[in-house]
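Q: Line order of the protein sequences matches chains A and B.
At position 373 of the first sequence the residue is numbered 373 (this note's numbering), and the sequence of numbers has no breaks.
At position 20 of the second sequence the residue is numbered 20 (this note's numbering), and the sequence of numbers has no breaks.
Misleading hints may appear alongside valid ones.
[Unchecked claim] Facing chain B, from chain A, some residues (calculated, C-beta under 10 Å):
no., residue
1, ALA199
2, LYS203
3, ASP206
4, LEU233
In short, the hints are calculated from the structure, not lab data.
Virtual Cβ for every residue (Gly too), placed ideally from N, Cα, C.
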Amino acid sequence: MKHLVLFLSLCLIGGLLLSGCVAAGGTIKIGLQGPMTGDYALEGQGFEKAVKLLVEQTNAAGGINGQKVELLVEDDKGDPKEASLVADRLAAKKIIAVIGAYNSSATEPASAIYNREGILHITPSSTATRLTQKGYQNFFRTAFLDDRQGLFAAEFMTKVLNAKAIALLHDNSTYAQGLAEWTKKYLEERKANVVFYDAINPKDTDFTATLTKIKAANPDVIYFTGYYAQGGLLLKQAPQVGLKVQWIGGNAMNNPDLIKIAGIENAKGVYVTTEPLPGDLDYPEAKKFIADYKAKYGSEPESVWTVMAADAYRVIEQAIKATKSTDPKKLAEYLHKDFKNFPGITGPILGFDEKGDRLGTIHKAYVINEKGEFVPNPKQP
Amino acid sequence: MELLVQNLINGLTVGAFYALVALGYTMVYGVLKLINFAHGDLFMWGAYLGWVGLSLVMLLGLPPGVWALVPIIVLVMVTVALFGALIERTAYRPLRSAGRLPPIVSALGAAFILESLARNLFGASYKTYPGWAEVAGSFTVVGSVTMGLMQVIALVMSLLLMAVLYAFVNYTQVGTAMRAVSLDHDTSRLMGIDVNRIITLVFLIGPALGGAAGLMVAVRYGSFDFTLGWTFGLKAFIAAILGGIGNIPGAMLGGMILGIVESLGAGYISPQWKDVIAYVLLVLILLVRPTGLLGERVAEKL
Numbered sequence: 001m002k003h004l005v006l007f008l009s010l011c012l013i014g015g016l017l018l019s020g021c022v023a024a025g026g027t028i029k030i031g032l033q034g035p036m037t038g039d040y041a042l043e044g045q046g047f048e049k050a051v052k053l054l055v056e057q058t059n060a061a062g063g064i065n066g067q068k069v070e071l072l073v074e075d076d077k078g079d080p081k082e083a084s085l086v087a088d089r090l091a092a093k094k095i096i097a098v099i100g101a102y103n104s105s106a107t108e109p110a111s112a113i114y115n116r117e118g119i120l121h122i123t124p125s126s127t128a129t130r131l132t133q134k135g136y137q138n139f140f141r142t143a144f145l146d147d148r149q150g151l152f153a154a155e156f157m158t159k160v161l162n163a164k165a166i167a168l169l170h171d172n173s174t175y176a177q178g179l180a181e182w183t184k185k186y187l188e189e190r191k192a193n194v195v196f197y198d199a200i201n202p203k204d205t206d207f208t209a210t211l212t213k214i215k216a217a218n219p220d221v222i223y224f225t226g227y228y229a230q231g232g233l234l235l236k237q238a239p240q241v242g243l244k245v246q247w248i249g250g251n252a253m254n255n256p257d258l259i260k261i262a263g264i265e266n267a268k269g270v271y272v273t274t275e276p277l278p279g280d281l282d283y284p285e286a287k288k289f290i291a292d293y294k295a296k297y298g299s300e301p302e303s304v305w306t307v308m309a310a311d312a313y314r315v316i317e318q319a320i321k322a323t324k325s326t327d328p329k330k331l332a333e334y335l336h337k338d339f340k341n342f343p344g345i346t347g348p349i350l351g352f353d354e355k356g357d358r359l360g361t362i363h364k365a366y367v368i369n370e371k372g373e374f375v376p377n378p379k380q381p
Numbered sequence: 001m002e003l004l005v006q007n008l009i010n011g012l013t014v015g016a017f018y019a020l021v022a023l024g025y026t027m028v029y030g031v032l033k034l035i036n037f038a039h040g041d042l043f044m045w046g047a048y049l050g051w052v053g054l055s056l057v058m059l060l061g062l063p064p065g066v067w068a069l070v071p072i073i074v075l076v077m078v079t080v081a082l083f084g085a086l087i088e089r090t091a092y093r094p095l096r097s098a099g100r101l102p103p104i105v106s107a108l109g110a111a112f113i114l115e116s117l118a119r120n121l122f123g124a125s126y127k128t129y130p131g132w133a134e135v136a137g138s139f140t141v142v143g144s145v146t147m148g149l150m151q152v153i154a155l156v157m158s159l160l161l162m163a164v165l166y167a168f169v170n171y172t173q174v175g176t177a178m179r180a181v182s183l184d185h186d187t188s189r190l191m192g193i194d195v196n197r198i199i200t201l202v203f204l205i206g207p208a209l210g211g212a213a214g215l216m217v218a219v220r221y222g223s224f225d226f227t228l229g230w231t232f233g234l235k236a237f238i239a240a241i242l243g244g245i246g247n248i249p250g251a252m253l254g255g256m257i258l259g260i261v262e263s264l265g266a267g268y269i270s271p272q273w274k275d276v277i278a279y280v281l282l283v284l285i286l287l288v289r290p291t292g293l294l295g296e297r298v299a300e301k302l
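Just chain B, with the same shape it has in the complex (with noise of 0.2 Å):
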């Protein structure tokens, strides 16, 4: 039971990064319809511009403390924000009317110059975060169930990041303008909507939340290295579909699920085999709801 309730609280960590990060792929998919390769590694610049900010604070002689994740984190977000409005200006806008490959080819370039920019300015080798920028430290949840203080601060804020963008979603004007960019383009155009404001918005939004993401892998990990874009990356984008690509709750209920299904599997079978027995159930989801698990309500899409 104890060895359950530890599992389940492993997979809900790295399953809230997940869905973190799969926001941005779902939003951008639910308005464009285009699968943003560029995301995964908009979340490695997060990591790697965190370190920067913390180089910056050694480097200027301020107090060195975990106060100074706080303006970091907004930092990140916003560059890594203006990363993603850059990326869909350049590369997606113009090939809006060329159809569904070509965008793609141009979202899997804007992927590796990201990735080849992030090698060359910060060389191959791993990085790691300063010891001070983290909050050490574990305590006992229940019995021999224990669980350190970064890894509930980190679910505490993913969870808390999704809860907004949820409610801004749902309750705002300008959600509400989102979810209709999302049903059809012309229609809203018809109903006084800026369509390409909102498009920008949405590439403003979701690197926003996954630079914050990166960021928070890498204080709670401690190290990463430039192919952190990739394999988070994709786990994020498998997340997202299994969800229901294009749905805000379902990225989370994805992320979430494949989190705690890789934690079991590791936990319960083997280590080695724990991303075959994640992506077979996967699979057999899929097979039943091809849609995704809540993507079929098409009011509710993004």
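So that you can see chain A by itself, here it is in the shape it has in the complex (with noise of 0.2 Å):
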């Protein structure tokens, strides 16, 4: 008895060691940091359900070109410092590409020691631009900039609204400054025509003075970039200085709340641009990931960088195939100049540009409809 114990914990030992070689050598180990615990858990935990997702379906097809694909998920807690400790810890695991983290803060550290190491580097959400202004040749992010969404308001402005005269207002924030400067350079670049550019003070509550101001500019659209609160109480004021002109948010307006603000009768009608919600992307990877995962997890994906965060799961895989390497180096290389048109579940991934910024844009353009609800609008640019 004493005897056939030691000989199958003998066994169990020896082909632990045994398999423990072969994965090894035989898996792919890719990263994945993000906040699974505090403020921002939510889409940490968002992340690791997507890429879990992803890398079972790509395991149970066989791995990547013959390998399969180990995950190693770390916490960073949204923190700078943590961040920088659980790139180590991946670091030192010899992974080959990490995906994360979920806030800027957290990116910034994080990239630093990838970039040192040698490892291919994706963020599916942070947006800070100093990120991609490194010269990091290894760091990629599946986000867009802000300045995308003034593109594609400035595109929606000119081209589905024909607006010909336009007011810009922002709220003096990092934010909403940076994309009413966007917003602005790319409506100047198509000719359009800037009547009124200012901003409020998103502290007070009183905003007649300045709709006066505007009135007397006489614009045919406004583009507001600031945040819901304000945004509420402009519509709400607009009527009562005489003002009747076509209103446009930006993504900081795409809450409930707006309605509740304004007031139905003010806020029908009212335009926004933003990031699709999950459940609107209609391309065919999309209605594929996104049945998957309500499937797998009994809801829909937690935001618009769960899905991100998918796709740049997808990118590396995809990079993997096409360069039948796992060498960081050659992936990078491939991303940068041979990656084009890859049909991303948050859109067609257009490719990369030099500092590793994503090409194109996904952001439509939102209507306030009668019952106070956001909808895709029918027209886009």
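With the hints as a guide, bring both chains together as one complex.
A: Structure (structure tokens):
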């Protein structure tokens, strides 16, 4: 009896060692870092669920080029200090590529470590401009910078609305001012007429004076890039000074409270430019992914960033397939040069520019309907 | 010209709110030489209590309509007045002989408590008044000059409340006693005036007006959050100083001027620079008249 136990345990240890050996030689190790706990936990968990689902599908289909994929998940809590520790840990485990982090302030220190270790790094959701301005050759993102929303807004206003005179209004926050500046630049490139450009103070409640000034400039479209609380007040007060004009908001206006604050009679017919909700992505890849996601987890993807994380994994998979290599340097080279028009879940990924930023745009115009719901506008640029 | 009229109308409506709130600061300063920092937050509580009242109307299944504001504004004024008297009794009266600084700290403490209470009880998100509680619509004044009906109602209500207060202070016996207390506590006592009662009365009237203003601001703009007290209250405080703190007509004048200057700055120069424009002008006014516009006429001081 005693001998049998010993024999069995030896077998077990031997078996484990053997399989461990095979795994080390045969799998492609891909890291995932994100906030699994803390304020952004929902987003981090969304990353994990999305990528895990795809890795399982890859392995069930026989892996990439015959090699199975092994996913290593680490929690950075959205914290910059944790993010560096996590990056060191993942690098020590000899991963070839990594997806993450969620927020720009965590992605930044991690990207320095991955760059030093020569690991392919794709962030699904960090949009700070400076991340791609460090000259890291192996850093990419599947998210779009705010300038793409500005580009989309300019296209929408000039092509769909045929705006002749445009007013731009922001609230001096980094985000809203950036979006307004980009929009202005793209509008001017299109020779559109910007008749008003200014900011409100988001702490105010009375905007009648601002609206009166806008009215005097006589625009036919106003693009407000700030947040829904002030957006709602602007919509509500505009008729009081006799300002009748088409309003458009940026993606910070995309909040149901906007309608409560403005009142449905003032909010209906207002457009917002925003990333589409996962459920509104009408590409075949998106439909399949969302159906699989629902089947496995019983709910829709948590946010658009969840879907961006799925695309980050699919980009890595595509790069390994196309180059038949797991050398991060070759993969990065491929993504910079030969990776074109890939059918992403979040829409076609036209490619990456020399800095690693995604080309194209996926923004959509939504319109507020009679019931106060945000629905995709039938006409898109 | 039409632009000027529109800007003046916009400025007057904001200014009337500043004035109504400024009255609370000025009355308390008049009798106690204390800056009641909690006043802005009492005003904010007026907005929240109005919201509670309107929610109750819906909860009890009463017919929704603007009529509901009439009993609600009375209840709000009474409740906020009681808040004000309670703060005076607990936070200011025990410190009345402690010098100038301790009551100010106490006032700031009361302000933070009121603000935190509102945030914790009602949440940090924006509260909105139901659409049926406002008089929708606007009309043309002249040419392209437009005014919202709600704007008119708010303006008329503010002016009415100020007129009533002015008449009360100047033409009634209690009002005369109030003016006496503002001149000298000890002499007033010798004249048979119950100084503590007058002070309590001031702490009932000021907050009642503040509460009414809070409700009216919320009805006028439709949404607010717990920071309303700081932003609006601070401007009202500045209006009180501009007009000459302690002086009732001064508070009204200060509020109106601040509203109009802000409105003209935003309307003619730039919305994002309007605060800079307004306050540079105010500093200039105070350089010329350090006691405020109507601050020197001691005899009328409350």
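Q: Any of the earlier hints contradicted here, and which numbers?
A: none
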